[in-house]
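Each chain is listed here by its residues.
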Amino acid sequence: MTVVRCVEVSLTIPDNEARTALVTLQRLGVPVTTLERADVYRCDVQEREADHLSELFRSLETLFNPNKHSLRVRAGDGPARGEVWIQERSAAPERAEKAGVRIAGRRLPGVTSLERFTSWRLSAEMGAPAGPDLVQAAQETLLYNPAFQKATTA
Amino acid sequence: MSARVGIVVFPGTNSEEETLRACLAVGLEAALVPWNAHPDGLRSLDAFVLPGGFAYEDRVRAGAIAAHDRLMSAVRAAAAAGKPVLGICNGAQVLVESGLVPALDDVERPQVGFTRNAPAGKYRSTHVHVKLAIAPERCTLTASLPPGAVLPAWASHGEGRLAGEPDVLARVQREGRIAFVYCDAHGAVSAQSVPNGSALGAAALVNARGNVLALMPHPERDAWTYMHHGRERERARGDAAQMLATSGGIALFAGLARAVSA
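So the sequence lines, in the order shown, correspond to chains Y and F. Everything in the first sequence is counted per the numbering used here, starting at 1 for the first residue and increasing by one. Everything in the second sequence is counted per the numbering used here, starting at 1 for the first residue and increasing by one.
Read the hints as simulated data drawn from the structure, not as lab findings. There could be a bad hint or two in this list.
[As the list claims (entries may be wrong)] Derived DEER-like restraints, expressed as beta-carbon distance ranges:
#1 F/His186 x Y/Arg106: 40 to 46 Å
#2 Y/Thr141 x F/Gly238: 40 to 46 Å
#3 F/Ser125 x Y/His52: 36 to 42 Å
#4 Y/Gly78 x F/Lys122: 35 to 41 Å
#5 F/Ala191 x Y/Arg95: 40 to 46 Å
#6 F/Glu29 x Y/Thr141: 32 to 38 Å
#7 F/Gly176 x Y/Thr62: 42 to 48 Å
#8 F/Ala241 x Y/Asn16: 43 to 49 Å
#9 Y/Arg72 x F/Leu32: 55 to 61 Å
Fair warning: this is a prediction, and the values are worked out from it, not measured in the lab. Beta carbons are placed, not taken as given, at the ideal position from N, Cα and C, and that holds for glycine.
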């Protein structure tokens with residue numbers, strides 16, 4: 001039996017890419033006040049291994065550097081309010097039934113499926129999560145190219 | 001007076017000097033235009049070239065931030081006025097993200113994308129040939145080339161694969177927006193000649209009016225004989241004048257020169 005878990009890896013140091021995107025959106029008239037970016041890995045993981053998922057990802061040096069990244073296993077299996085997850089349309093989940101999927105040159109025991117997204121977390125005034133209209137405006141203005149990417153929101 | 005061409009330099013552009021050199025070699029009066037130049041001061045220019053590189057470090061997506069740069073308003077105005085606009089590699093990505101190509105139905109929104117190479121998704125630097133896939137007069141920059149002209153160039157990109165919805169790609173093909181396709185040195189088109197998995201084998205897109213051309217491989221890196229890959233360069237060995245002569249990819253810049261002086 002498998003369960004779905006999402007692992008989020010984000011920068012603890014200033015994120016220049018998010019800063020550039022924020023400034024661009026504001027200049028284009030999209031009233032976002034903060035913008036955070038993270039890599040999200042949505043995994044189907046065997047239930048007995050689920051509690052070790054954080055530890056597994058922390059061991060992947062090319063994805064997680066404790067000097068500049070934070071890592072958490074999120075609640076839920078999709079974007080939260082104020083978030084949009086971007087993925088290439090052609091991206092298919094990595095799958096491996098028994099031995100575990102491979103990522104960053106390593107096998108993840110117990111992980112039978114893995115998808116990778118770029119998550120953008122937007123807030124409006126007073127730090128409140130951005131509403132659906134604002135998220136949509138940001139994604140359509142800059143954050144994704146609908147020709148070859150998918151955007152998933154809450 | 002010779003035509004004045006602005007070569008746009010965003011933070012992260014890295015091919016501006018080669019592009020400038022190619023423009024000068026065909027008699028154009030060309031100058032580098034930094035991203036913070038005021039667009040109003042650029043309106044008198046006769047053409048723009050957007051060179052390759054990694055504008056704004058490819059933040060968000062290749063070309064996405066630069067496509068919204070204030071300076072692009074001058075490029076958009078030039079394109080709308082029918083002036084030639086050439087984007088090379090990252091410059092091509094900027095033109096696609098800005099919606100200046102393919103601009104189906106004259107809609108300036110991203111309708112296709114140059115995305116990660118397939119199948120491996122890796123950066124490729126390799127010599128290629130591209131073949132003119134439209135009638136030469138269809139694009140102002142190619143009007144002086146013979147039909148089916150084959151040009152050498154260097155592909156140097158991680159995101160050069162044309163991608164889009166199947167119906168959009170079908171229209172791109174049907175409406176003659178694919179200006180160049182990848183081919184071999186003899187002009188034969190096959191999947192083996194495509195270095196990046198690009199849909200329809202596309203190497204370049206053109207807008208409906210024919211004045212905006214977005215080309216992924218670099219003609220300016222194959223515009224002198226000594227830059228060529230293979231027999232042509234070997235034949236020039238021992239002949240300094242021939243080795244240092246312009247040839248190959250310079251034809252596209254010659255086409256630009258003719259377009260702006262027309």
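Going through the hints against the structure:
| no. | hint | verdict |
| --- | --- | --- |
| 1 | F/His186 x Y/Arg106: 40 to 46 Å | 45 Å, holds |
| 2 | Y/Thr141 x F/Gly238: 40 to 46 Å | 57 Å, violated |
| 3 | F/Ser125 x Y/His52: 36 to 42 Å | 41 Å, holds |
| 4 | Y/Gly78 x F/Lys122: 35 to 41 Å | 30 Å, violated |
| 5 | F/Ala191 x Y/Arg95: 40 to 46 Å | 27 Å, violated |
| 6 | F/Glu29 x Y/Thr141: 32 to 38 Å | 36 Å, holds |
| 7 | F/Gly176 x Y/Thr62: 42 to 48 Å | 44 Å, holds |
| 8 | F/Ala241 x Y/Asn16: 43 to 49 Å | 48 Å, holds |
| 9 | Y/Arg72 x F/Leu32: 55 to 61 Å | 46 Å, violated |
Hint compliance for this structure: hints 2, 4, 5, 9 are not met, and every other hint is.
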